[in-house]
Amino acid sequence: MPDNNNFATEQHKELHKELHREYYLTCEKYYIFELLTIAGGMMGLYTYNLRGGVFSNAQTGNIVKMAAAFGSRNFRAALYYIIPFSAYVLGTIISEILPQKVRSKKFIRWDTLLVGIEIVTLLIVGFIPFTWPDQISQVIINFLCAMQFNTFRQAEGVPMATTFMTNHVRQIGISIARIIRHHEQENEAREKMLKHIKIIFAFFLGGLTVTALGPYLMERTIWLAVIPLSACFCVMLQSDLVYEKAMLNLKPHGH
Numbered sequence: 034m035p036d037n038n039n040f041a042t043e044q045h046k047e048l049h050k051e052l053h054r055e056y057y058l059t060c061e062k063y064y065i066f067e068l069l070t071i072a073g074g075m076m077g078l079y080t081y082n083l084r085g086g087v088f089s090n091a092q093t094g095n096i097v098k099m100a101a102a103f104g105s106r107n108f109r110a111a112l113y114y115i116i117p118f119s120a121y122v123l124g125t126i127i128s129e130i131l132p133q134k135v136r137s138k139k140f141i142r143w144d145t146l147l148v149g150i151e152i153v154t155l156l157i158v159g160f161i162p163f164t165w166p167d168q169i170s171q172v173i174i175n176f177l178c179a180m181q182f183n184t185f186r187q188a189e190g191v192p193m194a195t196t197f198m199t200n201h202v203r204q205i206g207i208s209i210a211r212i213i214r215h216h217e218q219e220n221e222a223r224e225k226m227l228k229h230i231k232i233i234f235a236f237f238l239g240g241l242t243v244t245a246l247g248p249y250l251m252e253r254t255i256w257l258a259v260i261p262l263s264a265c266f267c268v269m270l271q272s273d274l275v276y277e278k279a280m281l282n283l284k285p286h287g288h
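Residue numbers (our numbering): 34 to 288.
Bear in mind the hints are in silico, worked out from the structure with no lab data behind them.
Mixed in with the good hints, there may be bad ones.
Here are the computed lysine-lysine pairs in the DSBU-like style, where the Cα-Cα straight-line distance is at most 30 Å [what the hints assert, rightly or not]: (1) K134 / K278; (2) K284 / K139; (3) K134 / K62; (4) K284 / K231.
Model the full assembly from the supplied sequences, consistent with the hints where possible.
As structure tokens, this is what we get:
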């Protein structure tokens, strides 16, 4: 015969969890991060395949190449990588300063404004011909990637990066280790691992699409990134103006 008291206690616990579940803003939703990661993969492969062989998403690869160039005494090539590195630093600085100013206006969130800026900027980049120096496109996209990475930090409480995948690969390994060692955490670890796998796939999909269509679309290949960014912008703008208008002063988790 079931214990009604224990059953009532379990119901109470579940109700308590539901009522006190942490609220996540639209800009923190997992599907928003998936769309941003598709765009991140597109931007990275665009600069690498079509704009001078530079990684715009993160700077590890560029620093490795710079060190290799210095080591082989190819100083001109080494100094070349200072350009995307500097653009990335500048983008991070700007994305730390501007959110407070945008928040004080209480119109839309910085996160939403940034995605709008990315859309307009990438449309402009698509008009820059290949005859122009690659550094122009590199600097612009490095700047955007830095701001996107620094702005979108957690998807529903899970630390995420939308412009590079190293930490996601690491988190998959950690999750597998937890499944093996801690059976009581197996479901939670599997759920988290699946999220990181999906993010990696989103990045892969974005890069694959740009690589496949690059020879046909040429300079305008970067416009493909506008598609997922536009989906993000529409959803986030609607939330800012309607559903989350009273919460514009709230910071996303991780900030």
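Kindly indicate which numbered hints from before are broken by the structure, ordering the numbers from low to high. Those not satisfied: there are none.
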